[in-house]
Amino acid sequence: MSTDNMSAEDVAYESAIDDDAYADSYDTSEGRVFTLSGGDWDTVTPPSEGEKERIVVNMGPQHPSTHGVLRLILELEGETVTETRCGIGYLHTGIEKNMEYRTWTQGVTFVTRMDYLSPFFNETAYCLGVEKLLGVTDEITDRASTIRVMMMELNRISSHLVALATGGMELGALTAMIFGFRERELILDIFEMVTGLRMNSAYVRPGGVAQDITDDQVARIRETLPLLKKRLKDTSDLLVDNAIWMGRTVGIGYLDLSSCMALGITGPILRSTGLPHDLRKSQPYCGYENYEFEVQTTDTCDVYGRFLIRVGEMHESIKIVEQALDRLRPGPVMIEDKKIGWPARLSIGSDGQGNSPEHVKEIMSESMEALIHHFKLVTEGFRVPPGQVYSAIESPRGELGAHVVSTGGTRPYRVHFRDASFNNLQSTAAMCDGSMVSDVIAAVASIDPVMGGVDR
Amino acid sequence: MSEYTFNDPWWLIILKVLAIFVGLVLMTLFTIWWERRVVSRMQNRIGPNRVGPFGLLQSLMDGFKLGLKEEIIPKTAHLAVYWIAPVISATMAFLAFAVIPFGPMVSIFGVETPLQLTDFPVSVLYVLAIASIGVYGIVLAGWSSGSTYPLLGGLRSSAQMISYELAMSMSFVAVFLYAGTMSTSGIVAAQEPIWYAVILLPSLLIYATAMVGETNRAPFDLPEAEGELVGGFHTEYSSLKFALFFLAEYINMVTVSALATTLFLGGWIAPWPLSLWDGANVGWWPLLWWFVKVQLFIFAFIWLRGTLPRLRYDQFMRFGWKVLIPASLLWIVIVAAARVVRNEFSVTTQELLLLGGGLLVVIIVGSWVLQVRSERRERAQVEAAKAEMDKPFDPYAGGYPVPPLPGQEFTYTSRRAKAAVVEGTATRTATAVLPGESADAPVPSTSDPEEGTHA
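Each protein sequence line maps, in turn, to chains A and B. Residue 1 is where the first sequence starts when you use the working numbering, and the numbers rise one by one after that. Residue 1 is where the second sequence starts when you use the working numbering, and the numbers rise one by one after that.
Misleading hints may appear alongside valid ones.
To be verified - Partial selection, computed: residues in chain B whose CB lies under 8 Å from chain A:
id: 1; residue: 45
id: 2; residue: 148
id: 3; residue: 221
Simulated from the structure, these hints should not be mistaken for lab results. Note that beta-carbon positions come from the ideal geometry of N, C-alpha and C, so glycine has one too.
From just these sequences and the hints, can you work out the full model?
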């Protein structure tokens, strides 16, 4: 930048930005490049005429209450937030792109890592899409669907528990936080027992689920439910009628129905406006039409309403899990079609769970064709007819949709997810502008974004 | 000078100073451990149990670790102020303890002396003064860090501590009125028959609330609200300087608890069942009673932290200015009036109680009337909401089309019917705008009312 036609103000500003300890700037052939690191605007750009001093705070990506790596760029006037923006992308892992280079079954391993608090929903949304493309939706066995429903509903409880726990922690309720995580542990134990992994289990597969659950496991899940019910009550008792908690949440983060519609908001935020929109009721999948449960709504449009909805949904989910356990009938958990069904024949051996000796014997020494089939299915995978589908399910955060496109190969052409966290995060500015810094925390906590799902 | 230090010889003064210093540091280490263990217990955890017996040495080790950590000073920090702030905080925290009485006269190496470093006629005011200077440490730390979070934390903190100091000092007034002195040992002595916690309960409640605010502890820990301001005023501090703030916070907790013990729980005086024993209030035993009472308050601090979420800044200030301060003013007036009535007119306790009873009846009746009125208002609101629901559903009312909620009904209007309505408005507008035109003037044939108005 030449110094010929610069006013005195510009010179002062130039020297000011050169002195800035953090926000360095340097000249390139394209012009001057600024490194922005928060702080006062006047160190970056001179304030325009008649403008007051503005403080811009970068809340995140490393901040105790931004749910992972969400970056909130807040413009403050004292304690009041005048403008909010979200910065996302800090957890982008290229999951959708990676899936295009793996078989349809391997895709499950990727999607389970997207929204890491609700892995079973990601898996189910994806698998329902693949099954629809394959045209085998009706051939999925009852037992597999029931197990899916059970796992999803347990997952909904664990996800809501984390939402309450982290939300509580951000508003200073430490015991609510510990209680939430303690109860979640009960559910993670069930996950570990059923799938072998606490998170990222890749349990739901196109065609069914990876392995069956035993009667012992069913009994243990049944044992856990009453304890869970009791403890959920403890946790909600800490907060539901707590005057301070209500003071922090009632009327905060207001978003009415028309705003929700305009911004594409779903899940507890939408239901807090009083609209009982729940995909489990409005377009049932996995046999949800056979379960009895109520869609939780409030008409407060605020953080407190969303909190109550999450508490209520956890109790409804327990009801669904109980019904699912009652509905479990013996039968296969994988589709009959041997061209699709993963040849996972597992059994429990002396060293834990592993390949079934019978199956190994069959493919290794009895049937050459069985070996070839096993090898082809595992390495190459199955082919999916060309076409595209959109399959949506109700995740704890709202509508989770998978747009699955196939060109007829053994790998997806494109898989795109409509993750509820991503869409719901749009409402941050609408909820937070004009409120106080503390309210931003409460509002973002009520959105309950999971950055793994937002960025994918 | 010596009359304020009980005519102690110089070596005894130094000994007492050392004892208070070391005692407070140990107390801090103990309190941190105690807090972590109690909160863990409340949260179904175990807490520190590895270092030393029951994990007692955990906080000592944490302190060592903190001291050995790398120190990071922000480039934008104002160095001199940045250095001095933690020093102010920690020093003031220690100073306040000079006037707290721990016990009665004891014999130390043959010298008869009370367990108290110093005392003077206004020693409670001295504690308040020192606490006020302590605020500077926090404000300066926030300002000098050259970063936004500490700045906001420092601002919150100064506003908070100043407001709550008002309520706190007002809660002392009733005690002063009853004790007739502001000297800490005098106040303890005045509670020999009955604690002020019993006769001045409202004062204790106000003080107990204010002391939580004053020490920035949950649920009033706004200056260091972790979820909002990361670490508040000490976000940019590390290593020993951070340790100093940490130390100051815990010493302040002990100080306000000790002050509460002194002013309301009879200081070192033994509580009732123990006081039947003649030896309870002599020698070194009272030190134990004092310690237990202080620990009771500290337990309350921990209990609060384990139970309650954090208040919002404005709610907290509103609570301080609109509830605590008026309440303490009212209480002071009541106490003063009661004292005057008792002293000036020969009113018996019975009559006073009757008067109090009468006041209570008035208050109860008044609150009942208020209750009825607010119920009526609520009912009116519910009716209004119902009337709102009865209105025909308009999907565009909020500016963006919405589906009907349960209870609402969307009545379908055919496109032709809509067009007819729009046509009607269009013609009407057109005729209104163009009154002087002849009948065969081009009437806008569009179905859009907007265009009709423009014509």
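message = Run through the hints listed earlier and report the numbers of any the structure violates, in increasing order.
response = Every hint satisfied by this model.
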